[in-house]
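Undergrad: Residues per chain are reported as follows:
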Amino acid sequence: MKKLLGLFLLIMMFSILAACSQESASDPVKEEPAKAVDSESTEPKKIVKPRVAFVYIGVPGDGGWTFEHDKGREMVDETFSIESTTVENVPEGPDAERVIEELAQNHDIIFTTSFGYMDPTVNVAKKYPDVVFMHATGYKTAENIGTYQGKGYEPGYLAGVAAGKLTKNNKIGYVGAFPIPEVIYTINAFTLGAQSVNPNIEVSVVWSNTWFDPATERQAAISLLDEGVDLLANYQDSPAGIQAAAERGVWGMGNDSDMGHYVPETYVTNPVLNWGPYYVEVVQSVVDETWKSGAALNGLKEGMVDIAPFGKNVPQDVQDLVNAKKQELIDGTLNVFTGPIKDQTGEIKVADGETVSVEDILGMNWFVEGVKGTIPK
Amino acid sequence: MDLFILLITAAISSGTPLLFAVLGGIISEKAGVINLGTEGIMLIGAVISCIVFIQTGNLFVTLVAAVFAAAGLGFIHAFLCISLRSNQIVSGLAITLFGTGLSAYLGKAIAGTALAVSVPKIKLPWLESVPFIGRIFSNLDLFIWVSVALAVLLYLYMYKTSLGLHLKAVGDSPSTSDVMGISVAGYRYFHVIAGSMLMGLAGFYLIMVYSPNWIEGMTAGRGWIAIALIIFARWNPLYALLCAYFFGGLDALGFRIQLFDIGIPSYFLKMLPYVSTILVLMFIGWKNRHNPPAEPTSLGIPYFREQRF
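So the protein sequences, as listed, match chains X and Y.
Position one of the first sequence corresponds to residue 1 (my numbering), numbered consecutively onward.
Position one of the second sequence corresponds to residue 1 (my numbering), numbered consecutively onward.
A portion of the hints provided could be inaccurate.
Stated by the list, open to error - Dumping the calculated DSSO-like pairs for lysine-lysine here, alpha-carbon to alpha-carbon at most 27 Å: (1) Y/Lys270 x X/Lys171; (2) X/Lys325 x X/Lys171; (3) X/Lys71 x Y/Lys108; (4) X/Lys49 x X/Lys171; (5) X/Lys126 x X/Lys140; (6) X/Lys71 x X/Lys312; (7) X/Lys140 x X/Lys165; (8) X/Lys372 x Y/Lys108; (9) X/Lys171 x X/Lys140.
For the record, the hints were derived by calculation from the structure and aren't laboratory data.
Make the full structure from the sequences, and use the hints.
TA: Here it is in structure tokens:
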């Protein structure tokens, strides 16, 4: 009996090995017995409890970008009563690919929530065709990769409208993280919004070249405050800039997340991201097997972006005006990037009546007239 | 002129957290123990400050708690390096990793809580009438003056007292000091722990004055810059004062140059503090090439009483 069992085990082992060697013929380094077994069971498995994973660039405690993704994750967990896997502090690059590949082996949906995860996601997705990959803010899609991002320029425009109304000396400061299209189009939308109510404003831009370094962000903010700006907007993840502004009684706007509780007296509002409903929708479609790859670019209408509740000292007429503009953006009667728009040199960049295409917005590398600052080449 | 005043003010405020950490590093290294745990100790100082301030709302209690938490980590480092004679580099790195991780863990619950803190400002009305200096120095916060006073006191201690001379002896030649009847272990323990306390103070300043809410990893590498500045300052507390402000000033200058629109890429400006550190180090090295090194000669070497060389 023992001998028989031994023989049986031996045969089992060989057959698994054989399956493995077949599997890894194309890729000699890879060893995935688990997957080889999986491919043999041909009947389609119905997902009852989706296995969801999130890859984060930072930590949920950053109070900004990752914080908002994690709020979305919580919503998914509650809706499907599951416990999603999260991996924090994953650096963009080879490490990301390793992490995503490990997750791909036992998850159905993986959200990779930073721009730099684009190529690692694409590489891993090729090897795992049964797993759905959702990559935030990227531009490469495939059969099993979808991308998603928010129209950050819509709430950016609304923040600008509020800024244009609130500034007294027409000098507005803007601390940008990095000179990339996402930040540049938000600054442009902000400036256009401010100009729509106050054509004389000037927006001074300083680059901090960091997403996350409170002390440096504070320095950047102070350099603008010393210039005499009376409203300071920040495209940063930490509240250091609006705190520096509050110390001098200057209006402040943050980004990504509602930052009102940090500086209740001087807070205006700011663009916020709201991933939760979209995440739930994606997971639901995967469960229902209706998921299709695509590039989602959602705005105020879909609820992926919004503006945070107004600070308590923002006058009612400003709030009403911003809300009216918000409704126009939702209805589609107002478009942020509709001409005539001039660039910094005063040249017409977008002709009267024309609208910038989505591709051109997502690749924007020029400032509109009224912005004081340079984009490093 | 106006711009210059604003720049100096920004330099002082941005240099102060660095100054605390550099002073802490200097006294530790003067006793012959490198402390690479600066970053971790600063983070612990910051997170403990935040937690205690939320609980008590008292600035002084917060200060004491932050300093003692930092002293705890300092004690671990001292015990490993002095009593167990382990490698100081490895121990210091371990302290940094431990401090970073522990602060992240402790800070989970309080992330995003804004601190309603106001640090008292020292107003000097008699100075206000003095042109230039008056505008810079008449309205600084309390802890800036504390850091300046500490730098001066440490200078006097290290160079003008016999205890300071003993400290130098312990760092340069522990065996000689031992023969002279100076307690090597005692001096080393005391200065490593006192140095860590100053690093904790740096974390306290960062969170109480600079950015009043806890954010994971909020020091963003300032501990490492402080370690470089120790060499930059040639182990002299008064030079440390200048170096910290110089470094802080370069940091602030970068943003102002951006605003002037001179056409220098912002990436280059961001590099400025680091490039100038290298240049100044080269210059100092060249200028002092005939002088004995300022570095404590037994720095990084554990002391064995019976060891023969």
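Undergrad: Work down the list of hints and note, for each, if the structure agrees.
TA: A quick look at each hint next to the structure:
Of the supplied pair hints, the one linking Y/Lys270 and X/Lys171 holds, its CA atoms being roughly 25 Å apart against a limit of 27 Å. Of the pairs offered as hints, the one joining X/Lys325 and X/Lys171 holds, with about 22 Å between alpha carbons and a cut-off of 27 Å not exceeded. Taking the CA atoms of X/Lys71 and Y/Lys108, the gap is near 15 Å; set against the 27 Å cutoff, the hint holds. Between X/Lys49 and X/Lys171 the CA atoms are separated by roughly 53 Å; this puts the pair beyond 27 Å, and the hint is violated.
Our distance criterion of 27 Å between C-alpha atoms is met by X/Lys126 and X/Lys140, whose separation comes to about 13 Å. This hinted pair checks out: X/Lys71 and X/Lys312 have alpha carbons roughly 24 Å apart, not beyond 27 Å. Using a Cα cut-off of 27 Å, the hinted pair X/Lys140 and X/Lys165 is violated, with the two alpha carbons roughly 39 Å apart. Taken as a hint, the X/Lys372 and Y/Lys108 pair is broken in the structure, with Cα atoms around 39 Å apart against an allowance of 27 Å.
A C-alpha spacing of about 39 Å is found between X/Lys171 and X/Lys140, which places the hinted pair above 27 Å, so the restraint is violated.
Checked against the numbered hints listed earlier, the structure breaks hints 4, 7, 8 and 9; every other hint is satisfied.
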